[in-house]
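Number of protein chains: 2
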Amino acid sequence: MKKSCLLVAIACFAISAKASHIDSATVSRIYDEILEKGRVYENLHYLCKNIGPRLSGSTNAQKAVDWTKSLMESYAFDKVYLQEVMVPHWERGAKEKAYFKLNNKKQLVAVAALGGSVGAEMGIEAEVVEVYNFNQLKELGEEKLRGKIVFFNRPMNPKAIRTFNAYGEAVNQRVQGATEAAKYGAIGVVVRSMTTRIDEFPHTGSLRYDQSITQIPAVAIATKDANLLSSAIKAQPTTRFYMKLNCKTLPDVVSYNVIGEIKGSERPEQIITVGGHLDSWDLAEGAHDDGAGTMQSVEVLRTLKSLGIKPKHTIRVVLFMNEENGLRGGLKYAENAKLTGEQHLAAIESDSGGLTPRGFSMDASAAIVEKVLLWKPVFDGFELNEIGGGGGSGADIGPLKPLGTALFGFRPDSQRYFDFHHAANDVFENVNERELKLGAAAMTLLVYLIDQNGLN
Amino acid sequence: MKKSCLLVAIACFAISAKASHIDSATVSRIYDEILEKGRVYENLHYLCKNIGPRLSGSTNAQKAVDWTKSLMESYAFDKVYLQEVMVPHWERGAKEKAYFKLNNKKQLVAVAALGGSVGAEMGIEAEVVEVYNFNQLKELGEEKLRGKIVFFNRPMNPKAIRTFNAYGEAVNQRVQGATEAAKYGAIGVVVRSMTTRIDEFPHTGSLRYDQSITQIPAVAIATKDANLLSSAIKAQPTTRFYMKLNCKTLPDVVSYNVIGEIKGSERPEQIITVGGHLDSWDLAEGAHDDGAGTMQSVEVLRTLKSLGIKPKHTIRVVLFMNEENGLRGGLKYAENAKLTGEQHLAAIESDSGGLTPRGFSMDASAAIVEKVLLWKPVFDGFELNEIGGGGGSGADIGPLKPLGTALFGFRPDSQRYFDFHHAANDVFENVNERELKLGAAAMTLLVYLIDQNGLN
Numbered sequence: 001m002k003k004s005c006l007l008v009a010i011a012c013f014a015i016s017a018k019a020s021h022i023d024s025a026t027v028s029r030i031y032d033e034i035l036e037k038g039r040v041y042e043n044l045h046y047l048c049k050n051i052g053p054r055l056s057g058s059t060n061a062q063k064a065v066d067w068t069k070s071l072m073e074s075y076a077f078d079k080v081y082l083q084e085v086m087v088p089h090w091e092r093g094a095k096e097k098a099y100f101k102l103n104n105k106k107q108l109v110a111v112a113a114l115g116g117s118v119g120a121e122m123g124i125e126a127e128v129v130e131v132y133n134f135n136q137l138k139e140l141g142e143e144k145l146r147g148k149i150v151f152f153n154r155p156m157n158p159k160a161i162r163t164f165n166a167y168g169e170a171v172n173q174r175v176q177g178a179t180e181a182a183k184y185g186a187i188g189v190v191v192r193s194m195t196t197r198i199d200e201f202p203h204t205g206s207l208r209y210d211q212s213i214t215q216i217p218a219v220a221i222a223t224k225d226a227n228l229l230s231s232a233i234k235a236q237p238t239t240r241f242y243m244k245l246n247c248k249t250l251p252d253v254v255s256y257n258v259i260g261e262i263k264g265s266e267r268p269e270q271i272i273t274v275g276g277h278l279d280s281w282d283l284a285e286g287a288h289d290d291g292a293g294t295m296q297s298v299e300v301l302r303t304l305k306s307l308g309i310k311p312k313h314t315i316r317v318v319l320f321m322n323e324e325n326g327l328r329g330g331l332k333y334a335e336n337a338k339l340t341g342e343q344h345l346a347a348i349e350s351d352s353g354g355l356t357p358r359g360f361s362m363d364a365s366a367a368i369v370e371k372v373l374l375w376k377p378v379f380d381g382f383e384l385n386e387i388g389g390g391g392g393s394g395a396d397i398g399p400l401k402p403l404g405t406a407l408f409g410f411r412p413d414s415q416r417y418f419d420f421h422h423a424a425n426d427v428f429e430n431v432n433e434r435e436l437k438l439g440a441a442a443m444t445l446l447v448y449l450i451d452q453n454g455l456n
Numbered sequence: 001m002k003k004s005c006l007l008v009a010i011a012c013f014a015i016s017a018k019a020s021h022i023d024s025a026t027v028s029r030i031y032d033e034i035l036e037k038g039r040v041y042e043n044l045h046y047l048c049k050n051i052g053p054r055l056s057g058s059t060n061a062q063k064a065v066d067w068t069k070s071l072m073e074s075y076a077f078d079k080v081y082l083q084e085v086m087v088p089h090w091e092r093g094a095k096e097k098a099y100f101k102l103n104n105k106k107q108l109v110a111v112a113a114l115g116g117s118v119g120a121e122m123g124i125e126a127e128v129v130e131v132y133n134f135n136q137l138k139e140l141g142e143e144k145l146r147g148k149i150v151f152f153n154r155p156m157n158p159k160a161i162r163t164f165n166a167y168g169e170a171v172n173q174r175v176q177g178a179t180e181a182a183k184y185g186a187i188g189v190v191v192r193s194m195t196t197r198i199d200e201f202p203h204t205g206s207l208r209y210d211q212s213i214t215q216i217p218a219v220a221i222a223t224k225d226a227n228l229l230s231s232a233i234k235a236q237p238t239t240r241f242y243m244k245l246n247c248k249t250l251p252d253v254v255s256y257n258v259i260g261e262i263k264g265s266e267r268p269e270q271i272i273t274v275g276g277h278l279d280s281w282d283l284a285e286g287a288h289d290d291g292a293g294t295m296q297s298v299e300v301l302r303t304l305k306s307l308g309i310k311p312k313h314t315i316r317v318v319l320f321m322n323e324e325n326g327l328r329g330g331l332k333y334a335e336n337a338k339l340t341g342e343q344h345l346a347a348i349e350s351d352s353g354g355l356t357p358r359g360f361s362m363d364a365s366a367a368i369v370e371k372v373l374l375w376k377p378v379f380d381g382f383e384l385n386e387i388g389g390g391g392g393s394g395a396d397i398g399p400l401k402p403l404g405t406a407l408f409g410f411r412p413d414s415q416r417y418f419d420f421h422h423a424a425n426d427v428f429e430n431v432n433e434r435e436l437k438l439g440a441a442a443m444t445l446l447v448y449l450i451d452q453n454g455l456n
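These protein sequence lines map, in sequence, to chains A and B. Going by full-length UniProt numbering, the first residue of the first sequence is number 1, and it counts up by one from there. Going by full-length UniProt numbering, the first residue of the second sequence is number 1, and it counts up by one from there.
The set of hints was computed from the structure by calculation and includes no laboratory data. Keep in mind that the hints are not guaranteed to be accurate.
Identical copies go unnamed one by one, so any copy, or any two together, can satisfy a pair.
[What the hints assert, rightly or not] Think about it this way: if two alpha-carbon atoms lie no more than 30 Å apart in a straight line, the pair counts; the simulated DSSO-like pairs of lysine-lysine are:
#, residue 1, residue 2
1, K234, K101
2, K376, K159
3, K224, K49
4, K101, K244
5, K49, K159
6, K376, K401
7, K37, K234
8, K305, K159
9, K159, K310
10, K401, K263
11, K263, K159
12, K159, K312
13, K224, K37
All values derive from a computational prediction rather than experimental measurement.
So here's chain A without its partners, still in its complex pose (with noise of 0.2 Å):
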């Protein structure tokens, strides 16, 4: 029984395999391309390093879309062109400076700014109330919380095995930890960042204003210095913390998305979007989130160009602006695919770091699913194993889900993403070449099957 059981699996996949037009040569050039002439790893390289960090509505953002698109057309791919769309500028300013007292004393601790912050040029400080979710701030109410600082520490979940699923469980606290402590009269917050490591480094990303609510500054604090935080507030729970926020939000400015294109030769009006965001926090060089998922969207075309492969669909790489603090690339790109009636057949996004390749995650319908999970064999061979639905995609191309797109999400060993996330060592140097590579020939593999085999 067993064994039968085995055999019927086995032989369908193999049967599967042969349904669909897989060229095996052709897959294994992808891949050999990549390994061993890939570009993905320089291209990273020059963007984190003559480049570095590149927030929406920075000099260093119109930078990269200068640079990424005069590589594309270096690469003399079909088509080049940058898509306008107007992105929010917030500007972090100099340094911010926070400290706790304790028995007088000054301890200083490592802080950022979350993005979209109001400032505290003046620095306020005040007692501080740590809380672990939004119930204990109904519990506590306004009259224990009113004119306070909220510190909220709830740990990312170590025993969750994917951290996006404990990141998931604990970011409501950076995204309306701000607004939820503002509605019982808190005058700033202050959120453990999001790592299972203990460092030196603070975490930011974006917050959420309700605009009916006060808005109140709000920093992430060093995992290591919450911990210090959190005992001193036990040792004296009347401990003060005191913060100074330079940061300031200033008029949307113009920016783009950066867009190529290699035409398809029998239904170029269908379009396979790969891609991944251009702008990065202004922390770091941005080199997993997503300078990673940016330069390896950009490898897919290369690739596809310099081994000669003629895609029958249309193949293009989005370069999406400001992922990070609004997603307006992603909703303008959508939104202009809706108005010019783009067949839109899928759109594949590297958001979650150049780090080894575990596989993909579908959007999509039960039967494209069973489609792609035909070609399970061939993904096992390069050892992307996590082929499946759920998992969601990417933020960036979710608003094509509208216009019935397949989303897929390249998933990436997902341990090390959040030693790094968002924070000053998300650096070029703890991208791994190989696992890099590897990425972008996954990717590469991913749109070849599609475009060979379509999606119905």
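Got chain A sorted already, so can you dock chain B onto it with the hints?
Below, chain B alone, put in the same frame as chain A:
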């Protein structure tokens, strides 16, 4: 048809999983314990920073024996003891010096004597001949090789998906290079380091002499310098190479395998061994190779004990001595097992680095492989997707095969392993806490499933 196939497969897996007795609550407790309260990371820190390099026969190797024994005793395993074994005692001596001469300018290069190499205390200098394989030696012949230094420069193949396959294809240069070159009268050997990275670290490793052939000195050269040397030879075929090695082999010394046990409650006479090797090369801390595997193996028993899990079979952790340059510990362990008629049900080795888990390779009968595959749904839940026959197991447990023991190799992701392998950067800082812990949890899971379900 396609759908029915998948359904059949899924149904079968479900039935199979039921068929074997898997207590999912206990499985979760194993992962939670290690991820939340695990000691493996702190223990590896101690081994790396308080003891450090621990080459067979060295004082540090003895310190590692003493400390790991006391560590196991502190966990109150049912039995903790040492198994005596004579090991080789090779010493590097003072740091090597090497350079090549280009236009009479000395270009210093980073080299490290291969383990077991004879010394060259007075230094040797000769014309250097670059080759890529042993056939080229044959073609060049004694006429072109006598009195020369041979430079083996065949790189690890970057196109291999698993780096261990590339290592397997290239490592004969390091292991047999000196003997093969000596057959044609060469007086020394320089071997390109076994890594796909271009860096400044010589990666050492053992060589094997043939007693009937002259023993000539051999060094590993950093890949960056290997490329320099190669271009120099192309520019000037008469380029000369100088190397001075202060290494020597001393008489064998007494050392030990360190062993701990939890006695089985139902089949105490049947043993499940889990282990790694305690010795390391002398250039670094041996964090990945194999501090990780030893501390993970100890963690398996610590976890079972701290969760109050009473195994049916006897679970034994073995920290093998001398894997790197002799395998004496592994041979002694199997030899003793045979002499005393021990029954070894299964053995699991972790010696591929403390990196993110991928699964397990198996060297066992088809029936056992089939049985273990029934647990695939459990493994998949923890991203252990690569469970299968082939791929060998581990050097230290290999000698148990003639006893009919089912052999398992813990298989972490291989992409970063050779960045550190046998080089000065194999240090604690290059081990990720979550990756290390997940490896220990995966090993504990496999031991638990084998113990609960047996293998017949």
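Results of checking the hints against the structure:
1. Only within a single protomer do K234 and K101 lie at most 30 Å apart by alpha-carbon distance; the minimum there is 13 Å, versus 67 Å between protomers.
2. Both within a single protomer and between protomers do K376 and K159 lie at most 30 Å apart by alpha-carbon distance, with minima of 29 Å and 21 Å respectively.
3. Taking CA atoms no more than 30 Å apart as the test, K224 paired with K49 passes in both settings, with 28 Å inside one copy and 21 Å between copies.
4. Within a single copy, K101 and K244 get their C-alpha atoms as close as 15 Å, which meets the 30 Å cut-off; across copies the closest is 60 Å, which misses it.
5. With identical chains, the CA atoms of K49 and K159 are at most 30 Å apart between copies only, with a shortest distance of 27 Å across copies and 35 Å within one.
6. In the homo-oligomer, the alpha carbons of K376 and K401 lie at most 30 Å apart inside one protomer (24 Å), although the nearest pairing across protomers, at 33 Å, exceeds that limit.
7. Taking the shortest alpha-carbon separations for K37 and K234, only the inter-copy value of 22 Å comes in at or below 30 Å, while the best intra-copy value is 57 Å.
8. When the C-alpha separation of K305 and K159 is checked against a cutoff of 30 Å, the pair qualifies only between copies, where the shortest distance is 20 Å, while the shortest distance within a copy is 44 Å.
9. Taking the closest pair of Cα atoms, K159 and K310 come within 30 Å of each other only across two copies (23 Å); inside a single copy the shortest separation is 46 Å, beyond that limit.
10. In the homo-oligomer, the alpha carbons of K401 and K263 lie at most 30 Å apart inside one protomer (23 Å), although the nearest pairing across protomers, at 57 Å, exceeds that limit.
11. Taking identical chains as interchangeable, the C-alpha atoms of K263 and K159 lie at most 30 Å apart only when they sit on different chains, with a minimum of 29 Å there against 46 Å within one chain.
12. For a Cα distance limit of 30 Å, the shortest separation of K159 from K312 across copies, 27 Å, qualifies, whereas the shortest one inside one copy, 45 Å, does not.
13. In this assembly of identical chains, K224 and K37 lie within 30 Å of each other by CA distance solely across copies; the values are 18 Å between and 42 Å within a copy.
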